[in-house]
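Student: Chain residues, written in single-letter form:
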Amino acid sequence: MEAIKTTDLRKEYKDTVAVKSLNLEVHEGELFSLLGVNGAGKTTTVKMLTGLSKPTAGDALICGFSVVRELDRIKPLVDVSMQETAVARNLTVEENIDFCAALAGKSKSVVAEVKKNLYDIFGFESIKNKRAAKLSGGWQRKLSIALALVSSPKVLFLDEPTLGLDVIARRELWKLIRGLHGEMTIVLTTHYMEEAEALSDRLGVMKDGELLFVGTIEQMYKKTGCSNVEDAFVKIVEGGDSLE
Amino acid sequence: MSESIKRICTLTGRSVKEIIRDPISIVFLIGLPLAMEILFYLIFHSMTDQFEMKYLAPGIVVFSQAFISLFSGLLISLDRAGSFLVRLFVSKAKPYEFIFGYALALFPIAIVQSILFFVVGGIIDSSLWSVGMIYGILISMVTAIFFGGAGILLGSVCNEKSVGGVASVIIAGQSMLSGMWFPTQGMSKSFLTFMRVLPFKNATMLVQNALNGVNDVFDDFLFPLIIVLAYTATIFIAAIVCFGKKMKNL
Numbered sequence: 109m110e111a112i113k114t115t116d117l118r119k120e121y122k123d124t125v126a127v128k129s130l131n132l133e134v135h136e137g138e139l140f141s142l143l144g145v146n147g148a149g150k151t152t153t154v155k156m157l158t159g160l161s162k163p164t165a166g167d168a169l170i171c172g173f174s175v176v177r178e179l180d181r182i183k184p185l186v187d188v189s190m191q192e193t194a195v196a197r198n199l200t201v202e203e204n205i206d207f208c209a210a211l212a213g214k215s216k217s218v219v220a221e222v223k224k225n226l227y228d229i230f231g232f233e234s235i236k237n238k239r240a241a242k243l244s245g246g247w248q249r250k251l252s253i254a255l256a257l258v259s260s261p262k263v264l265f266l267d268e269p270t271l272g273l274d275v276i277a278r279r280e281l282w283k284l285i286r287g288l289h290g291e292m293t294i295v296l297t298t299h300y301m302e303e304a305e306a307l308s309d310r311l312g313v314m315k316d317g318e319l320l321f322v323g324t325i326e327q328m329y330k331k332t333g334c335s336n337v338e339d340a341f342v343k344i345v346e347g348g349d350s351l352e
Numbered sequence: 096m097s098e099s100i101k102r103i104c105t106l107t108g109r110s111v112k113e114i115i116r117d118p119i120s121i122v123f124l125i126g127l128p129l130a131m132e133i134l135f136y137l138i139f140h141s142m143t144d145q146f147e148m149k150y151l152a153p154g155i156v157v158f159s160q161a162f163i164s165l166f167s168g169l170l171i172s173l174d175r176a177g178s179f180l181v182r183l184f185v186s187k188a189k190p191y192e193f194i195f196g197y198a199l200a201l202f203p204i205a206i207v208q209s210i211l212f213f214v215v216g217g218i219i220d221s222s223l224w225s226v227g228m229i230y231g232i233l234i235s236m237v238t239a240i241f242f243g244g245a246g247i248l249l250g251s252v253c254n255e256k257s258v259g260g261v262a263s264v265i266i267a268g269q270s271m272l273s274g275m276w277f278p279t280q281g282m283s284k285s286f287l288t289f290m291r292v293l294p295f296k297n298a299t300m301l302v303q304n305a306l307n308g309v310n311d312v313f314d315d316f317l318f319p320l321i322i323v324l325a326y327t328a329t330i331f332i333a334a335i336v337c338f339g340k341k342m343k344n345l
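Protein sequence lines, in the order shown, are assigned to chains A and B. Counting in the working numbering, the first sequence runs from 109 upward without gaps. Counting in the working numbering, the second sequence runs from 96 upward without gaps.
Take these hints with a grain of salt, some might be off.
Just the calculated beta-carbon pair ranges, DEER-fashion [what the hints assert, rightly or not]:
1) GLY339(B) to ARG181(A): 41 to 51 Å
2) VAL336(B) to ASN146(A): 44 to 54 Å
3) VAL207(B) to LYS162(A): 35 to 45 Å
Computed list of lysine-lysine pairs in DSSO-like fashion (alpha-carbon distance at most 30 Å, straight line) [stated by the list, open to error]:
4) LYS341(B) to LYS315(A)
5) LYS343(B) to LYS236(A)
6) LYS113(A) to LYS187(B)
7) LYS162(A) to LYS343(B)
8) LYS101(B) to LYS262(A)
9) LYS236(A) to LYS101(B)
10) LYS340(B) to LYS216(A)
11) LYS122(A) to LYS101(B)
12) LYS236(A) to LYS113(A)
Hints listed in this document are in silico derivations from the structure and should not be mistaken for laboratory results. For glycine and all other residues, C-beta sits at the position ideal for the given N, C-alpha and C.
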């Protein structure tokens, strides 16, 4: 079964069309990257797929459930880490995890297990009693991503997860994201081409609300005749429909 | 306990922790009003009736509640700015649960403020110890809801930079238009009418009269109660509408 399947998904705001008839399939367990310049419609797509924003037209199925008609069935299945760090500032790392677990309706025994896993994966043991506001930007971002995992989602959306992080923190996050690969379906939006190259099974390129390309990196090279993701991306975005 | 109530309790607990763990909020919610209660009594009570503890303590209780609107507004606007609200919206929680989570957080804070300032008032002036003090504490929860609603509205419409400025208008309004810092005798009739149709003087009167008793039940209690409740209902409806709009326009 496809984890995500969109059919003519569209989002219009007052005087702009943010996403134009998006047709996309993301396979279960896949790490799919959505690339695009600013205003391409990546974040709007994520918002529609997570139920944060209602599509103007079309529909999307998440694990077989419609974002238009069955949002209550989808909510337990998805989680998101947006590009801005989303943590409770004056709560400790442990309290942040407890808070998200309580909202997700996890039982105490499950929470203990989730916490242990997150401490192991993210290395939170030594900072679990520190308030989020006192953590460095890198740790805050790690916590923000960890909180999206507390609900044990089947589909995880990571919107620009490494934006603004230094190169070391970024590499550490890549390692963490790679570790999650296969356990759940991950949709990653990013501006960093090397990030998409390092992490993705497949990727999609968006421009002005349209999906210009979907495929593996090899298929991207083949289509554009380029040998690196950045050049291929630029060629697709600048070339538009002329690339065949 | 239903899942919804559990989530509301979780959201409320988090909001309380966020507010009380900010040292600045403790200074303004507790420290500053407490210092004002003691100092204003010591300096001015022998000069004018205005600063007798039976008027000052309830006035301070309501004044301190004005800061709740600042800090709950700040909490919501910061949650919006940092995408924390987005995280909450993706969860199973429903929109009304968020509103309750922010609104109910004001009660433990308001109860602590009310008990503290009345008890300190009672220690300074033993005539305050009466059943009226319990009435005063109870009725101050009504005025607290007004200021909490104002905070939710501010947090929904203002960003984290502007919320402080707008909240200071409410704090200044409570300070200048409540009639607690200066005698209202001798003021023009039109200005007095203006004060009586705004919530600030009515909120102060309500708690003062709950403590001290009333001469005319309608004028001294029911009228201010109706005004405060009307503003509270209006402000909560506006807050729910604005918060709902923000949810739709993430």
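Student: Does each hint fit the structure? Answer for all of them.
Tutor: Here is how each hint holds up against the structure:
1. GLY339(B) to ARG181(A): 41 to 51 Å: About 22 Å separates the Cβ atoms of GLY339(B) and ARG181(A), which means 41 to 51 Å is violated.
2. VAL336(B) to ASN146(A): 44 to 54 Å: The hinted range 44 to 54 Å is violated for VAL336(B) and ASN146(A), with Cβ atoms some 31 Å apart.
3. VAL207(B) to LYS162(A): 35 to 45 Å: holds (41 Å)
4. LYS341(B) to LYS315(A): Satisfied, since the Cα-Cα distance of roughly 26 Å is no more than 30 Å.
5. LYS343(B) to LYS236(A): violated (34 Å)
6. LYS113(A) to LYS187(B): Measuring from Cα to Cα gives roughly 22 Å; hence the hint holds.
7. LYS162(A) to LYS343(B): holds (8 Å)
8. LYS101(B) to LYS262(A): The hint holds at about 24 Å.
9. LYS236(A) to LYS101(B): Distance of about 24 Å is within 30 Å: holds.
10. LYS340(B) to LYS216(A): It is violated: about 35 Å lies between the C-alpha atoms, which goes past 30 Å.
11. LYS122(A) to LYS101(B): violated (38 Å)
12. LYS236(A) to LYS113(A): violated (38 Å)
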